[in-house]
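Participant: The chain contents come next:
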Amino acid sequence: MPGADKETELSERIEAFLSELKRCGSGAGSLRGSAETARETTSLLRRITAQARWSNAGDLMEIIRKEGRRMTAGQPSETTVGNMVRRVLKIIREEYARSRGSTEEADQQESLHKLLTSGGSSEDNFRQHFTHLKANVIEAINELLTELEGTTDNISMQALEHIHSNEVIMTIGRSRTVEAFLKDAARKRKFHVIVAECAPFCQGHEMATSLSKEDIETTVIPDAAIFAVMSRVNKVIIGTQTVLANGGLRAVNGTHTLALAAKHHSTPLIVCAPMFKLSPQFPNEEDTFHKFVSPHEVLPFTEGEILSKVNAHCPVFDYVPPELITLFISNIGGNAPSYIYRLMSELYHPEDHEL
Amino acid sequence: MMLISAAMTLVVGHELQSAEPKEEKQRLRKEKKQHKKNKKDDRGPPEKEKEKEKASVPAPSKPATQSPAHKAAPVPVNASASESPVAAEKPAKSKAELRAERRARQDSERASKQGKKEGGQQSTSSKPKATPNELQPVVKRLPDHVQVDDPVALKKLAKKLERQQKSGQGCSLNITGVKVPLRSDYGYKVSLFSHLHQYSRKNPPTQQISIPVTVIHPSIVRLGLQYSQGIIAGSNARSVALLHAFKQVIQDYSTPPNEELSRDLVNKLSPYISFLSQCRPLSASMGNAIKYIKKEISNIPSQCKEEEAKRILQECIDSYINEKIILASEAISKYAIEKISDGDVILVYGCSSLVNHILCEAFEKQRKFRVIVVDSRPRLEGREALRRLVKKGIRCTYVLISALSYILPEVSKVFLGAHALLANGYVMSRVGTSQIALVAKAYNVPVLVCCETYKFCERVQTDSFVSNELDDPDDLIVTRNGKTHLENWQTVKSLGLLNLVYDVTPPDFVDLVITDLGMIPCTSVPVVLRVKNVDQ
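Chains as they are written, first to last, in full-length UniProt numbering: chain Y, 1 to 355; chain V, 1 to 536.
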């Protein structure tokens with residue numbers, strides 16, 4: 001039967017995606033960028049919408065939530081997966097509300113006033129059936145995909161507003177967003193970039209070679225020299241893995257030191273992060289925040305006998321509190337960290353924060 | 001003999017002065033002196049040699065306590081004035097005065113040239129009578145190793161190294177290639193650091209020395225190679241190795257006829273010191289040790305027999321090592337152990353011999369604590385510290401410096417070692433120390449620096465750029481997963497690698513400095529220096 005075929009094909013694809021997520025995450029840093037992950041997640045969700053069997057919005061949301069939970073469990077540190085799932089859920093709610101004819105704004109806000117006046121719940125079972133819902137949802141997801149494709153370009157277009165000539169810019173590790181940002185600025189301005197190599201994965205080396213190919217004056221420094229050279233740096237521009245709900249960052253390890261050094265010298269810290277990295281998580285869940293990889297990176301097996309007597313740690317991420325950040329540059333423009341909570345409420349529905 | 005030679009130089013001086021411009025005059029005078037030296041090699045040339053060297057390497061009033069890095073221009077007038085009555089006899093007093101005058105003129109010219117070159121430094125000729133007991137001479141000539149971007153300074157250094165090949169015995173001078181080698185820089189230097197040298201470990205300066213070496217003692221050659229290859233690293237280790245090498249030199253030294261040991265030995269040491277600083281710039285502790293040795297040598301009474309003098313010097317060196325390094329570390333351990341309580345989690349960075357000693361002592365005294373060793377690329381010295389601590393049986397954790405924010409919430413104290421303590425309270429130490437102090441401050445963890453007093457130095461510095469050391473940039477290259485991204489960094493024009501060795505930590509990050517004199521705040525360093533100077 002064609003339906004069964006489609007279903008098995010769908011579940012195969014989901015399985016393939018899950019296993020790739022698991023495999024990539026255990027490598028040193030993501031082998032594929034977050035943008036790619038986001039795109040793949042969204043296309044997979046579009047496929048689910050198109051091919052899975054559902055009759056009303058509630059069913060669809062259930063299906064997507066279930067698959068979303070499985071995908072995030074596969075690689076908890078890859079938060080873009082969860083973010084895309086939440087975006088799609090929000091799209092479904094919006095389309096449903098539009099089909100019903102009611103305005104979405106009223107449903108959104110959870111204010112004390114509303115709680116008192118509405119009395120009952122503004123709960124919707126999402127059980128009504130609309131024929132065009134599927135087409136609308138798929139169209140909206142297509143729009144989301146287009147937005148995803150343009151994020152890096154949107155961010156790099158703002159580069160010239162933030163970089164003047166003869167600046168010294170510092171960055172850490174490797175971020176494709178920052179790379180595109182700096183390369184775009186280098187087309188018109190001349191500046192100097194210092195890259196901290198970010199041991200033990202040393203992704204800064206790749207970043208430096210790629211930047212120097214575009215004729216940007218680049219210097220590679222070891223992590224230990226970050227504070228030593230910070231006094232000559234004009235701006236710090238970094239990428240991040242996730243932007244948290246309070247405006248803080250979950251970024252590659254070493255970023256907190258960099259942020260503290262920048263604060264000490266009153267150097268502005270600019271974070272280039274597209275909107276799909278914004279996650280409704282808060283940083284206080286200590287046990288789920290950190291991710292560790294094999295301590296072999298830090299203390300290799302060649303060290304021999306002391307290995308059994310020593311604890312070696314190799315965390316991958318660092319928390320950077322929002323007080324140390326000056327500006328977020330995203331595809332919708334520049335924002336202060338104190339505004340992040342507002343952007344989040346536009347992207348995700350509060351009930352979807354817990355998948 | 002000496003009078004005749006003095007008279008001749010005087011005559012020469014007067015002739016030249018009237019006729020030619022001042023640089024020409026100096027050069028010609030030097031030539032004439034060389035010429036005279038070749039004709040009569042007796043007491044005359046070494047005397048002039050010594051005078052010329054004293055004039056060109058001006059010393060404070062105690063001529064032996066100079067270090068090659070610090071030269072004070074105004075004092076030689078004093079020195080020559082005090083020296084010439086000693087050197088000359090009664091009837092030559094007038095000639096000595098004239099010579100002093102001439103030297104004063106030389107120095108004022110040199111000072112004016114120096115003023116043009118280094119701009120902004122006080123005119124030294126305005127202070128002809130600095131009494132060194134009250135005021136240290138404010139102006140010190142910049143050390144050579146931070147003037148790499150100045151071609152005039154480089155030429156001067158090259159000439160000085162050449163000149164040093166000729167000091168010493170007056171025979172067999174013209175062996176080619178026998179001189180203190182001048183090391184050349186390697187690789188693209190980041191523009192902020194173009195005033196510093198950057199050497200490659202693959203070209204040690206010992207390759208440029210041919211065998212046999214008549215000027216440089218073999219144990220010094222070996223020491224230089226050990227420094228440049230990083231076999232001996234760490235300020236205590238380097239100082240102790242230097243002192244042992246000097247003991248060997250003194251052992252093998254024999255006073256040439258008609259020479260005084262106290263003066264000739266000091267001259268012998270100068271090319272060695274230049275060679276060592278070519279291998280690797282001298283540390284503050286080494287500088288202080290050299291000052292001490294030179295002072296001791298020049299204090300040897302002239303009627304002392306050679307064997308006796310050598311024995312005295314060996315004893316001096318031994319007692320210096322014992323007092324300033326070994327006993328000092330015992331004293332520091334005693335103070336520091338008071339600060340370690342049971343249940344502490346102590347963070348250390350890199351491999352400091354002093355901090356390792358403190359931790360081992362504390363462990364022996366049955367304190368219960370565990371240690372977190374933080375390490376950084378490219379030197380990875382923390383692994384050595386880790387091995388030593390684990391061998392003792394201390395429980396250790398090991399992380400890289402990028403994981404510092406992760407590990408700091410567990411830490412109760414931070415112990416750091418120092419390379420030198422500067423007079424304005426800044427701590428000069430291995431690169432990364434300031435970062436650790438910064439993040440520890442942000443987490444409100446106390447930072448304790450342990451440093452012996454012989455590492456205190458009179459320099460002041462506010463950032464890590466003006467005076468630092470650049471290590472071999474190829475050390476940063478690493479191969480991961482079979483790929484070496486920076487392999488051909490030399491071919492890419494706009495790519496530079498920066499491998500700093502030291503950095504300075506501001507005093508507000510440091511809570512306490514533990515020295516052999518007690519526990520002092522960072523800002524009390526100049527007080528200790530003053531007390532030390534008064535003692536000496």
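Be aware that one or more of the hints could be misleading.
Examples of chain V residues lying across from chain Y (beta carbon under 7 Å, computed) [to be verified]:
hint, residue
1, R387
2, I394
3, C396
4, V431
5, G432
6, S434
7, Q435
8, V439
9, D463
10, S464
11, V478
12, L486
13, L500
14, P526
15, V528
16, V531
Simulated from the structure, these hints should not be mistaken for laboratory data.
For every residue, glycine included, the Cβ atom is placed at its ideal position computed from N, Cα and C.
Participant: Let's test the interface hint: is any C-beta of chain Y closer than 7 Å to that of I394 of chain V?
Facilitator: violated, 9 Å
Participant: Per the CB criterion, is L486 of chain V less than 7 Å away from chain Y?
Facilitator: Since chain Y brings a Cβ to about 5 Å from L486 of chain V, closer than 7 Å, the hint holds.
Participant: Does the closest beta carbon of chain Y sit nearer than 7 Å to the beta carbon of P526 of chain V?
Facilitator: This hint is violated: P526 of chain V lies away from chain Y, its Cβ roughly 23 Å from the closest one there, beyond 7 Å.
Participant: Hint check: is the beta carbon of D463 of chain V less than 7 Å from a beta carbon of chain Y?
Facilitator: holds, 5 Å
Participant: Hey, does the L500 of chain V contact hint survive, CB to chain Y under 7 Å?
Facilitator: At 5 Å from the nearest chain Y Cβ, L500 of chain V passes the 7 Å test, so the hint holds.
Participant: Taking the least C-beta to C-beta distance, is V439 of chain V closer than 7 Å to chain Y?
Facilitator: holds, 6 Å
Participant: Given V478 of chain V as an interface hint, is its Cβ closer than 7 Å to any Cβ of chain Y?
Facilitator: Nearest chain Y Cβ about 6 Å off; hint holds.
Participant: Go through the hint on G432 of chain V and say holds or violated, using the shortest Cβ distance to chain Y against 7 Å.
Facilitator: Check passed: Cβ of G432 of chain V comes within 3 Å of chain Y, closer than 7 Å.
Participant: Given Q435 of chain V as an interface hint, is its Cβ closer than 7 Å to any Cβ of chain Y?
Facilitator: Hint holds; Q435 of chain V Cβ to chain Y Cβ min 4 Å, cut 7 Å.
Participant: Measuring from the C-beta of V528 of chain V to each C-beta in chain Y, is the shortest one below 7 Å?
Facilitator: Violated: closest Cβ of chain Y sits about 26 Å from V528 of chain V, beyond 7 Å.
Participant: Holds or violated: is the Cβ of V531 of chain V closer than 7 Å to a Cβ in chain Y?
Facilitator: Violated - the Cβ of V531 of chain V stays beyond 7 Å from chain Y, reaching only about 31 Å at its closest.
Participant: R387 of chain V was flagged as interface toward chain Y. Is the shortest Cβ-Cβ separation under 7 Å?
Facilitator: holds, 6 Å
Hint compliance for this structure: hints 2, 14, 15 and 16 are broken, all remaining hints hold.
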